[in-house]
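Chains A and B supply the protein sequences, listed in that same order.
Going by our numbering, 476 is the number at position 459 of the first sequence; the sequence numbering is gapless.
Going by our numbering, 1331 is the number at position 56 of the second sequence; the sequence numbering is gapless.
Hints are not guaranteed to be accurate.
Covered, in the sense of this in silico footprint (three residues per stretch, anywhere, with C-beta under 8 Å from a C-beta of chain B), are these stretches of chain A [said to hold, decoys possible]:
(1) 96 to 110
(2) 320 to 331
(3) 351 to 364
(4) 397 to 409
(5) 443 to 452
BS3-like mimics (lysine-lysine), calculated; alpha carbons at most 30 Å apart, straight line [to be verified]:
(6) K887(A) x K234(A)
(7) K1303(B) x K48(A)
(8) K602(A) x K635(A)
(9) K890(A) x K903(A)
(10) K1335(B) x K307(A)
(11) K1304(B) x K41(A)
(12) K52(A) x K41(A)
(13) K546(A) x K573(A)
(14) K313(A) x K1403(B)
(15) K104(A) x K1403(B)
(16) K1293(B) x K48(A)
(17) K41(A) x K1303(B)
(18) K762(A) x K746(A)
(19) K635(A) x K1328(B)
(20) K901(A) x K890(A)
(21) K1293(B) x K104(A)
(22) K313(A) x K1335(B)
(23) K1304(B) x K52(A)
(24) K1368(B) x K313(A)
Rather than coming from a laboratory, the hints here were simulated on the basis of the structure.
Glycine residues also receive a C-beta, built at the ideal position from the N, C-alpha and C atoms.
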Amino acid sequence: MPTVSKGDGMRGLAVFISDIRNCKSKEAEIKRINKELANIRSKFKGDKALDGYSKKKYVCKLLFIFLLGHDIDFGHMEAVNLLSSNKYTEKQIGYLFISVLVNSNSDLIRLINNGIKNDLASRNPTFMNLALHCIANVGSREMAEAFAFEIPSILVAGDTMDSVKQSAALCLLRLNRTSPDLVPMGEWTARVVHLLNDQHLGVVTAATSLITTLAQKSPDDFKTSISLAVARLSRIVTSASIDLQDYTYYFVAAPWLSVKLLRLLQCYPPPEDAALRSRLTECLETILNKAQEPPKSKKVQHSNAKNAVLFEAISLIIHHDSEPTLLVRACNQLGQFLQHRETNLRYLALESMCTLASSEFSHEAVKTHIDTVINALKTERDVSVRQRAVDLLYAMCDRSNAKQIVAEMLSYLETADYSIREEIVLKVAILAEKYAVDYTWYVDTILNLIRVAGDYVSEEVWYRVIQIVINRDDVQGYAAKTVFEALQAPACHENLVKVGGYILGEFGNLIAGDSRSSPLVQFNLLHSKFHLCSVPTRALLLSAYIKFINLFPEVKATIQDVLRSDSQLRNADVELQQRAVEYLKLSCIASTDILATVLEEMPPFPERESSILAKLKKKKGPGKLPDIDDNRRNVNGSSEHSENTDTTSKSSPSLLEDLLPTDRPRPSSCSPAILAARTMASAHPFTDILNLNSTPSTGPNLLVDVFSDSSTSASVDVSEDNFSRFVCKNNGVIYENQLLQIGLKSEYRQNLGRIYVFYGNKTSTQFLSFSSFVTTSDILKSQLNVHAKTVDPVIEGGAQVQQILNIECVSDFIDAPVLNIQFRYGGTLQNIAVKLPVMLNKFFQPTEMTSQDFFQRWKQLGAPQQEVQKIFKAQHPMDTDVTKAKILGFGVALLDGVDPNPANFVGAGVIHTKSTQVGCLLRLEPNAQAQMYRLTLRTSRESVSQRLCELLGEQF
Amino acid sequence: MMRFLLLFSRQGKLRLQKWFTPIPEREKKKIIRDMTTMVLARQPRSCNFLHWKDLKIIYKRYASLYFCLAIENQENELLALEVIHRYVELLDKYFGNVCELDIIFNFEKAYFILDEFLLGGEIQETSKQIVNRCIESSDMLQEYYCEGETDFPGTWRKYHGGVYEQTCILTCGLKGIEITAGEEYRSRMYCI
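Please take these sequences and the hints and turn them into a complete structure.
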């Protein structure tokens, strides 16, 4: 054994460690440690000055104790002393202690910084390295403040040693990550790029990491790195394996550097320069070719390093998404790995294919592997591999294979690991909904889901099936029949009882003609489950019963008996008792007509983003959900992901289009009170579907409302005359009559806005009891928060008062809030309502971009639902300057020189809402001859494109 | 970038922890607990990668020791595996047939070697020769003391004679040997 006398072991430390190891119990260990701590404390406090060696030994012991998981609250001072020592080993231990036990104690930081400063100035490379390592390990703000200016100059100085350059590059990277505002960009950045040409591969590796991070933040400043990176990469992949000496790792040439360079290139689109582009393509082809060569070594390290480069190359190919041949080759290579005997490779192949599935060029190629993937789901021993197989099946699913994939996932679910069942349930529910051509299949699938994995079917899933059945009358009969059959099973999951109760309560009449499912049979079937269910489910069943009373007068007496029983009327649970009492009373005193109105079939639900999808996204975290439309692996950070979050709901046109008329008028015969009562009558889980967060029903008040004949206040016509004038401007008069003038001044920043409303009394008489408040429609409430400050109730004649409205945009919206004003003028009550010009485009932030970026994004937003186009006749004279002003007023940045036709206008901006940001691109093409315009909008959200087009289309 | 590196034994005892981003101590303890339970529960011959929160966990067993490296989502898994292996090689080159006890008794050296190899969560130097030259040249800078207290890295071996016949972790890693519980590390019931 080549143990040589190197290093400087500390005997006292070794003995202490042995002692600890010999402790027979946790208590003995703690006792030994406390003894040692007392000893060290007394040594540190003692009168005798400790020599450097003892100090080092004790600090090391403290470190060891800390690493065992005990708290250390002293010794920092001694560590700082050590790092200021000029003996290397003492300095080293001092730095180690500080790096491990970072403490934001400011006095100490100043001392540490002082030590670091001296070491950086020492020009001794070993000392400089220790200091740089410490900065990189701690990376605190104070350190950034002290050294962020100094390190760049160390990095690019000509006489700096290679090892110091490496430390300096990574140190700077660390500071840039923690305190980017403190790291100055400047002349050094250009010189850093040239480190890619350095002779020392270690320096190149460290510099590439730094450049990649900087380029992610400001790609334009580091564009010159592209050609250098390609050149370097090309030299590596074509080198003989021995050329790079110690940077060859198990016969693979500089794998770390290659991967870093490939990552750097993923910050950029494919190079524009043709020669450069073909050189890069050659590199990628060489890497793909090497995968087919026989291995140079049987060691797993060789194949890992080689395949690491290969996978990174595939990531770059997917990122560029522009070379169909490369994409298909990548897909074939991954296909080979799918059946490789190395589990790791199978895992990674499944994972990479997920992203390939989103490219239009390779989606079909990925689909050819469906059988292998399904087989993996069945035979893989490792749950994390099976999980990746589920992800890939989800990603490769489309209309052509949906039935097969959903069936396979369902059958896998029966044996799936508990940890991933819920996720699979969500995925199956989403796919079934998204690709349902025939909704009977959808209903069957969800019921199967409940049967197979009822415990993992979350509320979102069964709410969704009810929303869909309610909204589609072609499936209601089938749904009723199917749930009725499913409920026959002796043991069925409570979730099935919920769905069954709800659906039979609404649509039981559709199957009541059959004597096998007569009203009484239906009721008895439901009621047989009642006593096994939890309180919320029982509450839901009670609501189903009262609905039965309306649907089937013949079972009224039976149900009344049930409601009247002590177990209902005197139930210990308040909610159940209340429902029983109220429903019983309602069924006794209300006439058939009133019952029919109160308990009418539910109106269709307004469409919103599928709550299941939202849940899956939450579960998987941003960027991890393989969206079918677009899920590029993007090193540029997460902004792209947030723009794409809505892809699945937008790409389910079949269902959405059916449901889209969001504001379908509710039956006009209903007064609001009755509507409210109907909502309540159908159990509070139903209110949940509407509100998504449960609010306990406030039964009695609502019921009183049904019977008391409260009159609704006279409605006021909402003025929206000037509304559209405010689309492209923020200030002006929104309303005026003989008495009152209302002016607005508004300002918006990101998703927040503030409107100053000025009420001017045009008369010479006082306005009394003046009040103004803002109302929003039910849909708008969840999308926009408006808070109005109160105003003085008196406005003197000729005076003006100001009111401030604070606005927060939660998600994209269509409606506008309404400002309601009431006051008394000369004894008569005045009611005015004005539509407030708060539109989606107010939350624009303009975005400048180059034409290359513009067209790349334009291409990315190419799905049919993302684009909205409108061709319309000019309503105003076609004046270029006016048009420009309007587009700027609309909130986007006008991009010059992007469109080849200078007469066209191109703009870009980002809509900021609290929940997400939506990038928008627009193009307006005037045709002066025909006096027509063509307006095209592309955003990642269908609803946003639609709304923005409506708004802007009215302006020209 | 890499977020943290943990070394722990089959019994779940932590041998080395390196955090590349600032994390509160409480949170660290929780992560350590999560990692040890998650990784130790894995079946042999499973794949070496796991998803955990928004990170990828890459782990590998070398004899009695588990190396567990957390990397960000877009990082390369296979290369992370080789980061671990290169670190083991560096330890082995320095200690000579490195085993778990070397790392316990010379934990500060293990940290020094790591600092030369990785910095700020990125690779600093991949060349084995250069890293070793760095460490050795710093060892040359040591000062000798005459009090008889100075020892060398093999210290523990002297104190423990042949009691611990530890397996060299690199050899196991290279040969892919799975060590059975019995032959692994004939240790006492309670050890740190």
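Hints the structure fails to honour: The structure breaks hints 5, 6 and 8; every other hint is satisfied.
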